[in-house]
Every structure is written in structure tokens, then in C-alpha cells.
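Asks: Based on these hints, arrange chain B on the given structure of chain A.
2 protein chains.
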Amino acid sequence: VNVVISLDYGGTAIKEGIVSERGKLLCFGQTPTGSTKFSQVANKLAARIKALQELAKERKNNAVACAIGSPGLISYDRKIIYTSPNFESRGDFNLYKALRARKVNLPIFIENDANVAALGEYWKGAGKGARCLILLTLGTGIGGGVVVDGKLWLGAHGMGGELGHVTVDPRGAKCGCGNYGCLEALASATAVVREFKKAIKSGEESGLAVSSEIGAKEIAEAARKGDVLAKEIFSKSGTYLGIALASMINEFDPDVIVLGGGMSPAFDLLESSMTRELNRRAFSKMVEKVKVIPAKLGNKAGIYGAAFLAFQKLSEV
Amino acid sequence: VNVVISLDYGGTAIKEGIVSERGKLLCFGQTPTGSTKFSQVANKLAARIKALQELAKERKNNAVACAIGSPGLISYDRKIIYTSPNFESRGDFNLYKALRARKVNLPIFIENDANVAALGEYWKGAGKGARCLILLTLGTGIGGGVVVDGKLWLGAHGMGGELGHVTVDPRGAKCGCGNYGCLEALASATAVVREFKKAIKSGEESGLAVSSEIGAKEIAEAARKGDVLAKEIFSKSGTYLGIALASMINEFDPDVIVLGGGMSPAFDLLESSMTRELNRRAFSKMVEKVKVIPAKLGNKAGIYGAAFLAFQKLSEV
Numbered sequence: 025v026n027v028v029i030s031l032d033y034g035g036t037a038i039k040e041g042i043v044s045e046r047g048k049l050l051c052f053g054q055t056p057t058g059s060t061k062f063s064q065v066a067n068k069l070a071a072r073i074k075a076l077q078e079l080a081k082e083r084k085n086n087a088v089a090c091a092i093g094s095p096g097l098i099s100y101d102r103k104i105i106y107t108s109p110n111f112e113s114r115g116d117f118n119l120y121k122a123l124r125a126r127k128v129n130l131p132i133f134i135e136n137d138a139n140v141a142a143l144g145e146y147w148k149g150a151g152k153g154a155r156c157l158i159l160l161t162l163g164t165g166i167g168g169g170v171v172v173d174g175k176l177w178l179g180a181h182g183m184g185g186e187l188g189h190v191t192v193d194p195r196g197a198k199c200g201c202g203n204y205g206c207l208e209a210l211a212s213a214t215a216v217v218r219e220f221k222k223a224i225k226s227g228e229e230s231g232l233a234v235s236s237e238i239g240a241k242e243i244a245e246a247a248r249k250g251d252v253l254a255k256e257i258f259s260k261s262g263t264y265l266g267i268a269l270a271s272m273i274n275e276f277d278p279d280v281i282v283l284g285g286g287m288s289p290a291f292d293l294l295e296s297s298m299t300r301e302l303n304r305r306a307f308s309k310m311v312e313k314v315k316v317i318p319a320k321l322g323n324k325a326g327i328y329g330a331a332f333l334a335f336q337k338l339s340e341v
Numbered sequence: 025v026n027v028v029i030s031l032d033y034g035g036t037a038i039k040e041g042i043v044s045e046r047g048k049l050l051c052f053g054q055t056p057t058g059s060t061k062f063s064q065v066a067n068k069l070a071a072r073i074k075a076l077q078e079l080a081k082e083r084k085n086n087a088v089a090c091a092i093g094s095p096g097l098i099s100y101d102r103k104i105i106y107t108s109p110n111f112e113s114r115g116d117f118n119l120y121k122a123l124r125a126r127k128v129n130l131p132i133f134i135e136n137d138a139n140v141a142a143l144g145e146y147w148k149g150a151g152k153g154a155r156c157l158i159l160l161t162l163g164t165g166i167g168g169g170v171v172v173d174g175k176l177w178l179g180a181h182g183m184g185g186e187l188g189h190v191t192v193d194p195r196g197a198k199c200g201c202g203n204y205g206c207l208e209a210l211a212s213a214t215a216v217v218r219e220f221k222k223a224i225k226s227g228e229e230s231g232l233a234v235s236s237e238i239g240a241k242e243i244a245e246a247a248r249k250g251d252v253l254a255k256e257i258f259s260k261s262g263t264y265l266g267i268a269l270a271s272m273i274n275e276f277d278p279d280v281i282v283l284g285g286g287m288s289p290a291f292d293l294l295e296s297s298m299t300r301e302l303n304r305r306a307f308s309k310m311v312e313k314v315k316v317i318p319a320k321l322g323n324k325a326g327i328y329g330a331a332f333l334a335f336q337k338l339s340e341v
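Residue numbers (our numbering), protein chains in the order written: chain A, 25 to 341; chain B, 25 to 341.
Rather than coming from a laboratory, the hints here were simulated on the basis of the structure.
No distinction is drawn between identical chains; accordingly, a pair holds when it is met within one copy or between any pair of copies.
No farther apart than 30 Å at their CA atoms in a straight line, the calculated lysine-lysine pairs in the DSSO-like style are these:
#1 K309 / K61
#2 K313 / K198
#3 K103 / K313
#4 K198 / K241
#5 K255 / K198
#6 K152 / K337
#7 K313 / K175
#8 K309 / K175
#9 K175 / K152
#10 K175 / K337
#11 K315 / K175
#12 K103 / K175
#13 K103 / K152
#14 K260 / K198
#15 K121 / K61
#16 K309 / K337
#17 K68 / K309
#18 K221 / K260
#19 K68 / K84
#20 K313 / K121
#21 K313 / K61
#22 K198 / K309
Excised from the complex, chain A in its bound form:
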């Protein structure tokens, strides 16, 4: 069978898989990224691609392409990673060229990580068959992807869909992108932890002790056990999320909004305040037609989506 070698890398891990044309994930693995230098990451990506090519060969699969989900803005020709706050690179990095230089001999497709996650959820996840799907990955940051009639929305220069960087509160916290009050700065896992720590520091009480290892997951657990402060923090994130989604509904008129990323298991803690804002702020004719649902594919969405993109591109040739 025809397969795609699919990779999805971020600041922490490189996920990898082999995906068949019909959307079977034939194997899946994960390794630490291990470096914040693009050239080192390219070394590792190239090595993993070759290892998976070997594996595919052993299994008598026909690897037709490799596909890579990458953080950051990507150039129109889908070769250069422009900006990615997690990596040491002042300028731009030509990942395509770097992989070719490292003897990757398959067709290479590079796409933004949230974009491939959106395609994955469209192909095999929560948003199957959606006409207009919006995905947000709620994690350390907030990524976004838009799929229209099965294809990625890329805008005029290939950089569209940065939905984590819409301004929700013009006077809000500073964001990694330089803006103030971005959705990412107010509703990401990072924001949840920051707000929790700030509240404790200012004298609010919680059953959860603040330590350096505390993360959104621990705060979510505390909230589920009834911790009032933890619940409030998630409710506030849900409010910001709802404000942003209401605007996106009025702009995009989607039929499905999928919430993925590390925070998506906390969907239940975000939902009521989020829904309240949607109902207050978006046109009811659009709100009543959109489903807002948690993602289904977890950390494999990007692997599926990158493969889907590669098969789609190859079939267009």
C-alpha cells in the first residue's frame, strides 16, 4: 500500500508515524526534540525520515512522500520556516533545503503544525465532513487552522489561520508574538498557570500548593475536585475563548469548531463560560448551527493531517 512518512515536531517532541492512503496509522512513535537549534532538528528529522523509510520498505509499504508539521509561519512555497519562538533562529530557516541537503529523497511537504492538526481532525477526527472547520490547539501556545471544503485556508501568502493571535482584550497580558491581549496570552495553558500563580501570590486561597512543576493539568485536577480558585481560572480562560470564538463565528461562519491540544481534556471546565460568551456575542443564526467539540485524535492529529495533505497534494499533480 501507498504510505506517507509523517512527522510533527515542536519544542518538546518529534512525533512520527506511517500513514496509509486510507488513513490507517501503521505505526506511531515519539522522541524528544532534544535541541532548540534548527540545524540539529533538521538532522534528527532527516534521520527519522530515513529510519521510517526503511521500516516501510521492510513492511513492503510504498512510501510516496514525507510530510512534516512544523511550528511557525511558513513561506508561500512551503519551504522556509519564518518564525518559531521555540527555536533559536533569528532569521528564516529553509527546512526544505536542509532536508534535501541531508539526503532526504522523497517528495517533502511542510505545513504549519496547527494546520495539519486541523486537516487530521477533518480527515479522521472530530470534524469529519465539515464544510468549514476551525481548529484551535490549546496548549503552551494556541495554534489555529481552518479547513474549507477539505482544503487548508492559507490566505494570500500562506500564513493565514493564526487564530491564537487575535486580540481578545487590547489591554491584556503581553503575548510571545509581541502583541497584547492575544487569545494565546489569555487562554493558553501558560496563561492558566500564570493566572493561578498570580492569584495565589496576591493572597487568594487554593487547596493546591504552588510549586515550580505545577501545570494546567494539576490545576484542572484541582478544579474537578472542587477547588474554587482553580475553577475560576478555567472559567476565565473559557470566557476569553468564548469571546474569540464568537468573533470567529461571525467572521468565518464555520459548521465545526474543534478544540485540541494539551488543554482539550479540560474542555468540561471551559465549556460553560465559553458557551455563555458565544451566545451573548455571536449572531444566533450562526451560533445555533455550529458545533464546538473537543478533538478526537489527541497528539496524533498532526500525523494524520500531514499525511492527508501529502496524499492530497500528490493527487493534484
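Replies: Relative to chain A, chain B alone:
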């Protein structure tokens, strides 16, 4: 030559024209809408369509369709006007059926007024050849339209592109749509007048006397003559506009943003604060590639765009 009978109606006026396939506006006129009742408006639209059909006939033009730009959300099948705050209609109004009942015998194409204005500016105005064009009509309200590769962005249910109803300040002024702090509530002509009057009431000084007839136009004139308060009010609108456009740039990655509507002649008064916010808030890689420019077709954009849409739809059959 093949022509389209094109109409564009709002709370105040019905604009009308005959447009050729190559985009010549063969005649143009304007009549008061005269009623806030949909059935009355339908009477008038039907009468104007028939009159223009006659005129086209006299001139030996071949009228192939009529096209109508309408305020409000429009149903997926483009027949029913769902909501339009300027008209007395609690429920939905089937404009298509109403025109057929009034013996309009041409193919009928109905589209949101800001959407047809966006198509008009794409076809014959400021945004010729744009890959991804965003248009905002800055008037009494703020409408929006998105054109991608020459086609309207309609979303999953035909209602997308309501760009005037993105939340810019969650705690901002109430909007006609029910939300708080929409772009429309903060940066429309209505908002400019409201903020000016409020400032005068609270004791601020201006060379411009407040009267009931004062409009955004008079305030713009005062600003150009150096009136400090009037300048500040426009600068604030430009700030809100910039915040909203920065988010749209990050979401849509457009190559052209066109500002039309009654406020567009005040572009010079909005521009500096708007540009400041764009540069502060949107990804520089996208901002440096987008042109933000005033509309070119004035109050005729919708007439051109509705005709373009009709020709486009007929060629798809």
C-alpha cells in the same frame, strides 16, 4: 450586449444600475427606500427592476439577470433575509419569493450588501486581482466581505464575513447586534458621532457646535481644520479599526484590505492610529505584505459587485 440589472438597497436609499459583462456601468440612479417594511421595499425593488428592464430593452441590451445587494444575514440558498436591524421584520423575509410574486421574471441573485461591495472593489475597484481581499464598509454600521480567488467567502451556512461584529473591546459599548464592544459599536460613523457628543457633554471643548444634525462628515471636516477633539475621536476610531484589522490579518492573511462606506473619505484621519496598531499587533511577516487602502467605487461598489456575482453564477451553470 449582455447586461445585469443591479440594485443595492439599504435603510436610506435604493441604488440601481445596468452593468455590462465587461463591467461598464451603463446607467446609475438612486431613489429613497421610503419604507422600513420589507413588503413595501419589495414592491419598490420589483418596480425598479421592471423599469430598468424596459430601459435595457430600449437600448437593445440583453438583460440576463437581476442582482440585489441587501443588508442582513442571508439564508444558505440566498433567498431569505434573516436579520436586518433597519427593517421592521421580526422574523425572516423571503425576498426571492416576494420578487417572484411581483412578477420579476429574470434570474434573481441576492447577496449581502457588504459582500457585493467587496466583489465590486475586487472586479473594478481598489482590490483588482487580489488573492484574498477583505472589505470593510465603514458607515452607520460596519459591514464586511471577503473575496478569495475571485469568489465570496460565505462560510458553511452562507453567513460569513460579518467583520463589523468582531469583539474589539469585551467591555465596550453595546452594539445593535446585541454584543458589546463590536468593531461596529466602536469605530462606525455612529460611534464617532456618539463619542463626540459624549465628550462635549462631559465638558470637553471643540470649535464644532453640537446639534442634532451633526454627523461624522462634519466632525471629519472639523478635524481637518485642526479641531483637537474631533481629531482625537477619529484617532480613537482608527485605533479600534487597527486592533480589529490586526486580528483579521493574523486570521485571514489578506493581500488587500479595502476600506469603503461613508467614512472612507476620512481615511486620512484614521490612518496613522490604525497603522500603529497594525504594526504593534499583527505578525510583521503578514503586515508587510498587506495593502490597506480606501475604496475606489464609492456608493457604486455594490452595483458593480452584484452584477459581477450574477455574471459569475450564470457562467457556472
